[in-house]
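Asker: Line by line, the protein sequences are chains A and B.
Residue numbers for the first sequence follow the working numbering, so the first one is 5 and each next one is one higher.
Residue numbers for the second sequence follow the working numbering, so the first one is 3 and each next one is one higher.
Take these hints with a grain of salt, some might be off.
[Said to hold, decoys possible] Chain A is faced by these chain B residues, among others (derived, beta-carbon under 10 Å):
#1 ARG73
#2 GLU76
#3 ILE87
#4 LYS109
Since the hints were made in silico from the structure, they are not lab data.
All C-beta atoms, glycine included, are put in the ideal place defined by N, C-alpha and C.
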Amino acid sequence: MVEKSLERLGVLADVWGALAQAESVDDLCRIAVELGRERLGFDRIAIWFVDTDPSYLRGSFGIGAQGELLDERTLRRPIRPASKWHALLFGEQASEVEHDRPLRNVDGEVIGHGSFAAASLWDGRQSIGLVVTDNLRRQEPITESDVNFLELYASILGTLYSARQGEANFQALAMNAFDGIVVADAEGRHVYANPRAAELTGYSLEELLTIGMQGLAHPEETPALCARLEKRLRGESTPKHYESRIVRKDGTALAVEVGTTRTTWRGAPADLVFFRDISDRKRHEEELKKFKTIADHAGYGVAIVDLAGYLIYANESFAGMHGLSPENILGASLSVFHTPEQMGRVNKLLTTLKREGSFTAEEVWHKHQDGTVFPTLMNCSIIYGEEGEPAFMTATAVDITARKRTEQVIAAQQVKMIASSRLASIGTMAGGISHEVKNPLANISAAAEQLERLLSRASADTDMLENLTGIIMRNVDRIDEIIHGLQNLARDASGDSFAAVPLKAIIEDSIALSRTRFRLRGIRTQTPSVDDGLMIECRRALISQVLVNLLNNAYDAVADAPERWVELGVTDREDVVDLTVTDSGSGMPPDLAGRAFDPFFTTKGVGQGMGLGLSISRSIVEDHCGTLFIDPESPHTRFVIRLPKIHPGK
Amino acid sequence: MERLQGATVLLVEDESDMLGMLRFEFQSLGCRTLLAKNGLEAFEIAQSQQVDAVVSDIRMPKSSGLELLRRLKEVDLCKPIVIFISGYADIAPMEVYNLGAEALVPKPFRLRALVTRVARLLSPLESRWSAAPAKASERFVERQFTNLAEGEEEKGFILGRGGMFLRFPGARPKPHSPIGFRVELASGALTRIEGAGTVRWAKHDGEARRINCGIEFDYLTDATRGPVLKWLAGRSIRPYIPRL
């Protein structure tokens, strides 16, 4: 009896080992009844569990009347309250045995008589089911020792079941986990891996179980890994979470956050390792770091302000331009950076910013710590929260003190350049003008001389007298016309006011200064007949200068051409007027035409001007809200001055 | 003025007012006048007819006065004489004289002065250079050279068809002002050129207080006139007053 018991216990140890290898809860139950029958000498045996509804029992596996394995997982049996089974399941009692009672099959039909024993499956906290056995087949009596053994078996199964159930729950959890999860045994072999682990590493589940932890280790992380391991071996605590890298199947590294915990796996100590892909987070962190570095060291000021106007970030430049350091100004109010007078405009801009969401290129004056003020160019925008609500205001500020100074210098230089360019163009015409004036003067002088002589004679030639006085008057008018055009051309007229001027007069001014020059070169000029009533509101002298400049260019362009003509044209386009200068040249090649209006661009030889003519002409026309362009449609070179008849604004 | 009587004067001018008055003036002095509007027309006329003097503008359409001068002087250096009238030219007076023009009269001018000048230029050099001026010039310049060639080499003295280039120290004389001169040459056919003239152009030399000057001869002393005329007769010199 005792020997039998000892022998049984020895077998039970083997069975326990086999049961521990069960892959699942169902597997565990199946093996338990099979080995119960084959190895432990139970007759019929079955395992029942308390259902999710605790008034029922749910079947698992059992051994039938013919010793066959029965799958009873679909069966449910009510637990009658106040029954022995109820007491066994929910009371203190561990087992129950009944002799001489009807024995039933799975369908509840009585198929014999005999003894029946049941033991409670205990998971350490509560009863989770029953292991039942009877002596239907072999009719051997069920002894007290048998019942004790059944209790022992039930307690083993209960423990294993709960462990396996826990594992099943863990696996169900792990299956859908967002983290990669592996379980490694004491030798570092993977004994479990979840699908996410496979996905993140690029290995299949089977491969993961073969390669073990070594296969995933990143070479550069090895020192850190060893350090942790050594610490643990020394019994020191190691961080539960750390950042590391693993090597994926394709050889690429993956940044991961690792969490480890000690556990047991199928009865043996093991490491449960969670790892989470943090490459996105890492990348974002890197990006953020980059942007922060850029912002920190940017050559212009960057600041972030909360909605109440308090500074939550400022870079070195922003702080520096105010004579402060970034650390000292966090939390500062905007009024630290502006004088009270400046705050008026700042507040206005803030209102705009909150309404529009952003503003760009606003000139805003700031206050330096030393009390001086300086201009900046600011761009601001609102950063919105996840719900689309305004969260912060960001600003960039460029100190434009130097730029403003440069602008002033450039403006001054430009004035000088315009002046010298005007001088140059006048210089080129000076000779022409001398000729223009001296010819009529010579005519007048000669006429006066002859007149004097004729008058002193007794018999005056009246025809000749009239002719001579006519010459004098005509030539005086000619000089007057030239001087008039010259006056309009020569002086700085940029301060003149706009006035309505007959277009005809402007054309006459300009032509007066060029006519003879063109004629001498054999350049045919054609001028349009312009309606006296066609007026444009302009600075007369400036438009004359533009026209003379275009005429001069046309002169230079055709001076050596086989066919030489220049044609002025006027087209009335209701609100605007086109004044065109066309020459017999074959038009500008597109690359020249594109650059023609650039300052200092010239196709002329050295000494023939600074190349500022067209550039200045264009700016003059644009000041008149007009345009100066080369007509791309014209087969000949045609410049078009398009001016509004009424000067808008200003 | 009697020189103009019967002379043929070709008037070249694109200004019709001026052309009309020139014709009236020269005709009233008994000249035969020919008219042209530009250099090209003028040259054609001068080719087909006997012309004693050409009075021409410089800047004209189609063909300028300078072009006309070049072509006329290629044919004959001394006839017709060419008198330019010009308000403004792209060319300096010293170039005009160097190219062979006998006169450059700036506009505006006195018709009578022009006519006098033309008349004077129409008279032969012999008689032209014979009449001593009524009074001596305020300015008188004097220089010595080894010979003519050395004068040219030194860039101090060049003899032209109607005057000379002379470099001398002192203040710059005004154009068209009278000037007395004596140039002595130690050897050669010409030993002395002495007389009075008119400054036609004067420029500061690069070096300080040295004047480069174009002088038209008005009078040469009896002793020097003959040798100069003789010297000139053997040569065809294009510049009326040479430049450097």
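Asker: Does each hint hold? Answer for all of them.
Answerer: Tested hints:
1. ARG73: 18 Å, violated
2. GLU76: Violated. Min distance 23 Å.
3. ILE87: Nearest chain A Cβ about 7 Å off; hint holds.
4. LYS109: 4 Å, holds
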